[in-house]
Amino acid sequence: MSTEKMKAKITIHVNGRKHTVNVDPSMPLLYVLRNYLELNGPKYGCGQELCGSCMVLIDNKALPSCRLPVDTLQNKAITTLEGLVRKDGKLHPVQQAFVDQQAAQCGYCLNGMVISAAALLEENKSPDEEAIRTHLQRVLCRCGSHSRVIKAVKQAAQPISPKDKQTQE
Amino acid sequence: MKDTRETPSVSRRDFLKSAGCLTIAIPLFGNCWLPEAEKTFAEELPGSLNRQPQISAWLEVLANGKLRVYTGKMELGQGIRTAIAQVAAEELDMDMSQVEVHLAETGKTPHEGYTAGSGSIENSAMSVRYAAAAARQKLLELAAVKLKSSPAKLTMANGHVLVAGGKEKLTFAQILDGKQITDEVRLPVKLKDKTTYRLVGKAIPRTDIERMARGEQVHIHDLRFPGMLHARMVRPPAYSAKLVSLEESTLKKEFPGIVKTVVNGNFVGILATDEYEAMQAQAFLQKHIKWETGQNLPVEDLPTHIQKQATKTEQVKSKGEKPDSPSISHKASYFKPYIMHGSIGPSCAIALYDQSVLHIWSHSQGVYPLREAMSKMLELPPDQIHITGVPGAGCYGHNGADDAAADAALMAMAYPGKHIRVQWSREEEHGWEPYGSALSVDLEASLDQSGKINYYGSNVWTDSHSTRPGGDAATLLPARHISKPFQMQSAGYTGGGHRNAEPYYALPNLQIQAHFFEGPLRVSSLRGLGAYANIFALESFMDELAEKAGKDPLAFRLTHLEDERAIAVVKKIQELTKNEKRGKNEGMGYAFSRYKNTATYCAIAANVWVDSSTKEIKVKKMWACIDAGEVINLDGIINQTEGGMIQAASWTLKEQVTFDSQHVSSLNWATYPIFRFSDVPQVEVAVINRPQEKALGAGEAAQGPTSAAIANAVYQACGKRIRQLPIEAALRQS
Ligand code: FES
Ligand code: FES
Numbered sequence: 001m002s003t004e005k006m007k008a009k010i011t012i013h014v015n016g017r018k019h020t021v022n023v024d025p026s027m028p029l030l031y032v033l034r035n036y037l038e039l040n041g042p043k044y045g046c047g048q049e050l051c052g053s054c055m056v057l058i059d060n061k062a063l064p065s066c067r068l069p070v071d072t073l074q075n076k077a078i079t080t081l082e083g084l085v086r087k088d089g090k091l092h093p094v095q096q097a098f099v100d101q102q103a104a105q106c107g108y109c110l111n112g113m114v115i116s117a118a119a120l121l122e123e124n125k126s127p128d129e130e131a132i133r134t135h136l137q138r139v140l141c142r143c144g145s146h147s148r149v150i151k152a153v154k155q156a157a158q159p160i161s162p163k164d165k166q167t168q169e
Numbered sequence: 001m002k003d004t005r006e007t008p009s010v011s012r013r014d015f016l017k018s019a020g021c022l023t024i025a026i027p028l029f030g031n032c033w034l035p036e037a038e039k040t041f042a043e044e045l046p047g048s049l050n051r052q053p054q055i056s057a058w059l060e061v062l063a064n065g066k067l068r069v070y071t072g073k074m075e076l077g078q079g080i081r082t083a084i085a086q087v088a089a090e091e092l093d094m095d096m097s098q099v100e101v102h103l104a105e106t107g108k109t110p111h112e113g114y115t116a117g118s119g120s121i122e123n124s125a126m127s128v129r130y131a132a133a134a135a136r137q138k139l140l141e142l143a144a145v146k147l148k149s150s151p152a153k154l155t156m157a158n159g160h161v162l163v164a165g166g167k168e169k170l171t172f173a174q175i176l177d178g179k180q181i182t183d184e185v186r187l188p189v190k191l192k193d194k195t196t197y198r199l200v201g202k203a204i205p206r207t208d209i210e211r212m213a214r215g216e217q218v219h220i221h222d223l224r225f226p227g228m229l230h231a232r233m234v235r236p237p238a239y240s241a242k243l244v245s246l247e248e249s250t251l252k253k254e255f256p257g258i259v260k261t262v263v264n265g266n267f268v269g270i271l272a273t274d275e276y277e278a279m280q281a282q283a284f285l286q287k288h289i290k291w292e293t294g295q296n297l298p299v300e301d302l303p304t305h306i307q308k309q310a311t312k313t314e315q316v317k318s319k320g321e322k323p324d325s326p327s328i329s330h331k332a333s334y335f336k337p338y339i340m341h342g343s344i345g346p347s348c349a350i351a352l353y354d355q356s357v358l359h360i361w362s363h364s365q366g367v368y369p370l371r372e373a374m375s376k377m378l379e380l381p382p383d384q385i386h387i388t389g390v391p392g393a394g395c396y397g398h399n400g401a402d403d404a405a406a407d408a409a410l411m412a413m414a415y416p417g418k419h420i421r422v423q424w425s426r427e428e429e430h431g432w433e434p435y436g437s438a439l440s441v442d443l444e445a446s447l448d449q450s451g452k453i454n455y456y457g458s459n460v461w462t463d464s465h466s467t468r469p470g471g472d473a474a475t476l477l478p479a480r481h482i483s484k485p486f487q488m489q490s491a492g493y494t495g496g497g498h499r500n501a502e503p504y505y506a507l508p509n510l511q512i513q514a515h516f517f518e519g520p521l522r523v524s525s526l527r528g529l530g531a532y533a534n535i536f537a538l539e540s541f542m543d544e545l546a547e548k549a550g551k552d553p554l555a556f557r558l559t560h561l562e563d564e565r566a567i568a569v570v571k572k573i574q575e576l577t578k579n580e581k582r583g584k585n586e587g588m589g590y591a592f593s594r595y596k597n598t599a600t601y602c603a604i605a606a607n608v609w610v611d612s613s614t615k616e617i618k619v620k621k622m623w624a625c626i627d628a629g630e631v632i633n634l635d636g637i638i639n640q641t642e643g644g645m646i647q648a649a650s651w652t653l654k655e656q657v658t659f660d661s662q663h664v665s666s667l668n669w670a671t672y673p674i675f676r677f678s679d680v681p682q683v684e685v686a687v688i689n690r691p692q693e694k695a696l697g698a699g700e701a702a703q704g705p706t707s708a709a710i711a712n713a714v715y716q717a718c719g720k721r722i723r724q725l726p727i728e729a730a731l732r733q734s
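Order-wise, the sequence lines are chains V and C. Residue numbers 1 to 169, in the UniProt record's numbering, belong to the letters of the first sequence in order. Residue numbers 1 to 734, in the UniProt record's numbering, belong to the letters of the second sequence in order.
These aren't lab readings, by the way, just hints derived from the structure by calculation. Keep in mind that the hints are not guaranteed to be accurate.
When the alpha-carbon atoms are kept at most 30 Å apart in a straight line, the in silico DSS-like pairs for lysine-lysine are as follows [what the hints assert, rightly or not]:
1) V:154 to C:654
2) V:7 to C:260
3) C:252 to V:154
4) C:148 to C:108
5) V:154 to C:190
6) V:9 to C:260
7) C:312 to C:253
8) V:125 to C:620
9) C:108 to C:167
10) C:621 to V:154
11) V:154 to C:581
12) C:252 to V:7
13) C:242 to V:125
14) V:9 to C:253
15) C:287 to V:7
16) V:9 to C:252
17) V:154 to C:584
18) C:720 to C:578
19) V:7 to C:253
20) V:154 to C:578
21) C:581 to V:90
22) C:621 to V:125
23) C:287 to C:319
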């Protein structure tokens, strides 16, 4: 084993911006996001990819960030909860639906829920309850907010304008 | 903050529509049966206010005319901040956006003990209501002088006072000339007429959810300070293990970024600039440290073990006689294992020792009691300790929050001048938190000729249900590990063990006994305390007795209930489910309880599917009908009840802390599984609002009846009576 932890300059793309950090390349993305980029969205829950608190979007796919070495992500587009907010400050439809449905108690799981739901709606514009449950399966909630989360995702999937519908069909 | 609400009625309607389409709120005013002791409510000040009667302890008028409310309670995800703002805004006719709430902080907010036992509405919100009502009278008096009018001619609206019909209006700050009200709240307090409420009783949305959705700082985990250092502890491999040696020099060589290693008896902590390095060092040290393991944990059958361990017996209730020759009698034994709080965010704390003051940021449920225990552990006077409450992840009782604060304090004292952040790992939280005690319950009863219960006996075996920091330093985990260790002075609060052991049914002859043991695992309060296991036993047993009597389970309960509010929730649950079709292998189960026998009424129904051959089980849908007296925030009660059912269903089906002779072995979500989306039932909640009754906490009411409703449904579905939790494991073994 080396006597000193080697650091390296690593560039990642987060929420549409380039960031270069000088860190141990094996550092999981979660700690880079939280401690170097000072983002609050992704949370530490287990560090074992078992709870979903740390979810982020990587090239539009929802993945836990607590074990992903940061140096494997240099060419990926990373989006966190903060990055879902529109430029004009308006919430992403999924975020808005969580607020409307009051889909949280303590809200610690909210990040994983919103990120997973946003990824789901990217690939399936009108998921049924089964699909919602399957896609959110890896995110744990201890407060029992699940039923509201399901309602929120349904709400976010709803506002399909007639135009969208046509292109879908 | 911007106010996005339209007229309250419109936004409320829209909100209700979206919050739960099947939710019903039934306001009931009439006269209800009340136990003798509760009749004096209107003539008494709420407990917290009695101890701190100054209006200014609760309310502060800000220079911009807005109001800051101080509560000694913590936001735990129950939405207490909103409920408290609602009652203040209501009494003072302000808009919700004009009221902010300051959560528990030593030296700033009232001392209100713990945020626990569903007491936040009963104590804190009611104290604020009385303080705000008293402030209203004072503001009107002072404004009358300024406006050369009389209080009766003045109106109050949107944080202003004006002569009715007049133009000149004063903000609260102008009325007070920038000062605060110095009066105390004195009886009688004139409260607002409840029929004119605009906010209380409505489903006012919480504003913190939007902040969370935006990724703003809400949780303690997201607090950052310049130059903050990261601490990690290296825990012993067992409760009573002793440190033999550790290789500090290799650690330093391997991790040059380590700022300090603190070794204090069996307490070992490391401090680093970078969090990931602290974690790597922690993992490294765990391999390069030697412990002498202490006493072994018992590995025999747990129900047998705890009954053998009992050392003290308390006669909880004794009424009448056991009939000599009953026509029917029945006996059964029930068991509930150790269960964990299992917060999704492991415990976290920040501490800074600076200029002889120790500042701590903690998600503790009681900042003042924590300060007392901390003061003893550190031998530092309480006035040199300042604790600020910051919301954590949902805790549902006493978890690792206070322990993490004590860890951070020890590290900060050893390394002054820097903010030090402690973050427990998942394994630490799973392995070291104080669990909800295992309980054994033996029941027996007899029925008379008409099929009514004429004798009921309960024997409960329980450990303590609160070992919170209340001035006893040993309640803090690291205080047991430092070189001058503290020993627990008492077993803590044992009363919680027989909570709801006595049935709320009208029964002529009763014997209730509690037997106390000191079990192998660290325990403290978990949502509902002993009520969860006692109601599981009692309400399962009620179904068993109903069958013996040849009666329908709900009708059997109704013949034993006298309190109309209890009857109302049972009838409501009956009505909610009467048209439910039961599919193949499905069963419907019911249960009822009045929490603590003095608080919230709750009836639960569960529709459960069981495959007898594969032993698979699924809770498909649950219903609750809840009466928590006067509703403050309708959506708050619904949210707590939905969540309570889902969490309790998870406890009931899946959960048990496991351990071997060394230590706890269920150290992650794979070995301690809880409900995921595929397990979660549909939920529906009906709330009975009784505006003229005392407002009660609703957070713990669903836990007990949920367990029995599920067990009863399993029986209906497949004919198997499960008396040992968790049900999935018991069913597999059956
Ligand atoms: S923290 Fe990453 S899955 Fe739990
Ligand atoms: S809302 Fe608390 S963990 Fe989901």
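Against the structure, the hints come out as follows:
| no. | hint | verdict |
| --- | --- | --- |
| 1 | V:154 to C:654 | holds, 28 Å |
| 2 | V:7 to C:260 | holds, 21 Å |
| 3 | C:252 to V:154 | violated, 53 Å |
| 4 | C:148 to C:108 | violated, 36 Å |
| 5 | V:154 to C:190 | violated, 46 Å |
| 6 | V:9 to C:260 | holds, 26 Å |
| 7 | C:312 to C:253 | violated, 54 Å |
| 8 | V:125 to C:620 | holds, 26 Å |
| 9 | C:108 to C:167 | violated, 37 Å |
| 10 | C:621 to V:154 | holds, 19 Å |
| 11 | V:154 to C:581 | holds, 25 Å |
| 12 | C:252 to V:7 | holds, 17 Å |
| 13 | C:242 to V:125 | violated, 58 Å |
| 14 | V:9 to C:253 | holds, 23 Å |
| 15 | C:287 to V:7 | holds, 24 Å |
| 16 | V:9 to C:252 | holds, 24 Å |
| 17 | V:154 to C:584 | holds, 29 Å |
| 18 | C:720 to C:578 | holds, 23 Å |
| 19 | V:7 to C:253 | holds, 16 Å |
| 20 | V:154 to C:578 | holds, 28 Å |
| 21 | C:581 to V:90 | violated, 44 Å |
| 22 | C:621 to V:125 | holds, 27 Å |
| 23 | C:287 to C:319 | violated, 59 Å |
The structure shown violates the earlier hints numbered 3, 4, 5, 7, 9, 13, 21, 23.
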